[in-house]
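Q: Single-letter residue listing:
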Amino acid sequence: MATYRVDAQTVLEVGAALVDLGGALASMGDPHADRWAFGPGPAGAAVEELLGGWRHARLGLAEALAVLGEAAAEAGGAYVDTEAGLAHSLHGGPTA
Amino acid sequence: MTPPVRRLRVVEGSAGGVRLVADAVAATGRRLADAAGTLVRLREGAVWDGPAGEAFGQRIASAPAVLDRAARRFLGAAAPLRELADVLEAEQLATQRTADEHADAWGAYVLLEDRVAALLGAGLTQAAPEVAALRRAQQEEMATVLRAEEGNRAALARFDAADARCARTVAALADDDIADSALYRGVRGAGSLGHGVGYLAMLPTRVAPQSALLGALGEGVGTLADTGLLLGYGEGSWAELGVGAGAWALGASGQALRKGATAGSVLRADGGVAVSSMSAGERVLAGTVATARSRVRRARARYAHLPERGTPSALLGGPPLPPSGSALTRARAAGARLARSRLASARTELRLAAAGGRQTSRMYLAGVSLQASSKALPVTVPPRRRPPRSRPLSLPPPPPGCSATVGW
Chain H
1 MATYRVDAQT
11 VLEVGAALVD
21 LGGALASMGD
31 PHADRWAFGP
41 GPAGAAVEEL
51 LGGWRHARLG
61 LAEALAVLGE
71 AAAEAGGAYV
81 DTEAGLAHSL
91 HGGPTA
Chain Z
1 MTPPVRRLRV
11 VEGSAGGVRL
21 VADAVAATGR
31 RLADAAGTLV
41 RLREGAVWDG
51 PAGEAFGQRI
61 ASAPAVLDRA
71 ARRFLGAAAP
81 LRELADVLEA
91 EQLATQRTAD
101 EHADAWGAYV
111 LLEDRVAALL
121 GAGLTQAAPE
131 VAALRRAQQE
141 EMATVLRAEE
151 GNRAALARFD
161 AADARCARTV
171 AALADDDIAD
181 SALYRGVRGA
191 GSLGHGVGYL
201 AMLPTRVAPQ
211 SALLGALGEG
221 VGTLADTGLL
231 LGYGEGSWAE
241 LGVGAGAWAL
251 GASGQALRKG
261 ATAGSVLRAD
271 GGVAVSSMSA
281 GERVLAGTVA
291 TARSRVRRAR
301 ARYAHLPERG
311 TPSALLGGPP
321 LPPSGSALTR
331 ARAAGARLAR
341 SRLASARTEL
351 RLAAAGGRQT
361 SRMYLAGVSL
371 QASSKALPVT
381 VPPRRRPPRS
391 RPLSLPPPPP
401 GCSATVGW
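So the protein lines, in turn, are chains H and Z. Mapping to full-length UniProt numbering: the first sequence position 40 is 40, numbers consecutive. Mapping to full-length UniProt numbering: the second sequence position 98 is 98, numbers consecutive.
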């Protein structure tokens with residue numbers, strides 16, 4: 001039998017935090033914009049590669065976190081609704 | 001004839017700019033490391049005990065590793081960048097100083113040469129004391145020129161060595177398992193539309209399978225709708241249709257496309273629209289994040305309206321209960337507000353999307369049609385048929401002498 005121990009608000013906040021993190025990863029700036037500061041030497045190219053060369057993983061992770069965060073927030077909301085419906089029925093009203 | 005003055009090379013770049021990059025890199029690395037630590041705690045079930053919590057932990061399992069690798073990249077780069085900035089600053093000053101000394105000395109040499117030519121033109125010989133004094137002064141200036149060239153070469157060599165050392169360290173940090181593959185880089189370089197379609201198709205499976213299923217169905221309908229537009233009205237082209245098809249491969253929802261179409265566009269205070277350049281793929285992802293944000297806001301709003309200690313678990317410290325009275329009234333008022341705000345926001349969205357050009361307009365229109373299609377999907381399932389109402393029985397008239405009010 002499944003057991004549940006859930007803090008609905010925390011789950012909601014976790015979802016929001018994951019979406020924020022996903023958004024930050026998705027909108028990380030283009031490192032080429034700062035290339036000028038390094039001059040024409042190899043360090044500038046290496047730094048650009050280091051900061052921008054994980055784009056595939058970054059965007060994939062950003063999307064996964066956004067979707068997972070949304071799912072967590074929806075789950076948190078659903079737990080709230082379940083709690084509210086259960087409480088309503090215990091107070092004598094019909095459940096939704 | 002005196003050769004023209006040659007300007008010595010000065011170290012290019014900005015030490016202040018490199019330090020700013022180093023600071024930003026360190027701060028981002030710390031944030032990524034913090035996020036990785038937080039996700040590890042979440043994965044271990046700190047807040048959510050139950051089947052869904054376990055599924056959540058499994059789905060989030062690989063995220064901390066990616067964040068940890070990224071944090072290592074960023075944090076590892078900060079120190080070599082600061083070291084490079086120090087060398088850049090020192091050697092830039094040195095090359096600037098030597099270049100100035102070289103230019104001054106060379107200029108003085110040329111001036112002395114002109115004076116020698118004037119004296120020789122006036123009839124003096126090379127052996128004349130005035131000419132000999134000018135020649136000695138020229139030799140001193142030439143010695144300064146040579147010293148400046150030597151110092152300049154040495155400063156450039158010191159900076160080049162530091163630049164190469166920094167590049168080696170940074171390149172070693174970039175050699176990890178989150179680095180973009182050669183295939184991915186090749187696809188990215190294939191142009192804007194191809195880039196968007198190609199790399200979106202390579203993204204991993206979406207995390208929430210149920211919503212992905214609905215999204216895929218909706219996108220399928222939307223792509224067909226675009227085809228209908230093309231065939232029926234001659235709008236767009238087959239290449240343009242690829243935007244919808246690529247988004248379909250990703251499983252992007254209509255709402256994500258709509259929001260993505262307006263991403264990077266800002267409504268200015270004067271009513272104009274400022275647009276930033278984004279690829280199709282980045283727009284779809286920005287739309288996905290924006291859609292997730294709006295859904296999280298809605299879920300939060302649901303929680304925010306609950307009063308204190310209203311649910312069973314509130315007695316144990318859980319969430320409270322919403323007030324039961326006048327829920328219908330509140331819902332109706334909220335519906336009217338929502339309709340008004342949607343009308344206003346649709347007008348604004350259309351302007352923002354149109355400002356991004358044809359691509360964003362197509363994404364927006366595709367998003368609207370997909371959203372409408374996916375909303376209509378549940379209705380396509382035939383509702384359970386209600387049983388036919390039975391016809392009323394027509395009883396024969398009662399025989400004479402019997403009451404018509406006899407019950408059963």
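Don't read these hints as lab results, they were simulated from the structure. Mixed in with the good hints there might be a few duds.
[Unchecked claim] Below, a sample of chain H positions facing chain Z; criterion: calculated Cβ distance under 8 Å:
1) G15
2) A33
3) E49
4) W54
5) E74
Here a beta-carbon is modelled for each residue, glycine too, at the ideal position from N, C-alpha and C.
Q: Per the CB criterion, is H:E49 less than 8 Å away from chain Z?
A: Where the cut-off is 8 Å and the nearest Cβ of chain Z is about 5 Å from H:E49, the hint holds.
Q: With chain Z as the partner, please determine if H:A33 meets the hint condition of a C-beta pair closer than 8 Å.
A: Because about 10 Å separates H:A33 from the closest Cβ in chain Z, which is outside the 8 Å limit, the hint is violated.
Q: Can H:E74 be said to touch chain Z, with a Cβ gap under 8 Å?
A: 6 Å, holds
Q: Any CB of chain Z closer than 8 Å to the CB of H:G15?
A: 6 Å, holds
Q: Just to be careful: measuring from the Cβ of H:W54 to every Cβ in chain Z, is the smallest value less than 8 Å?
A: Check passed: Cβ of H:W54 comes within 4 Å of chain Z, closer than 8 Å.
Checked against the numbered hints given earlier, the structure breaks only hint 2 and satisfies all the rest.
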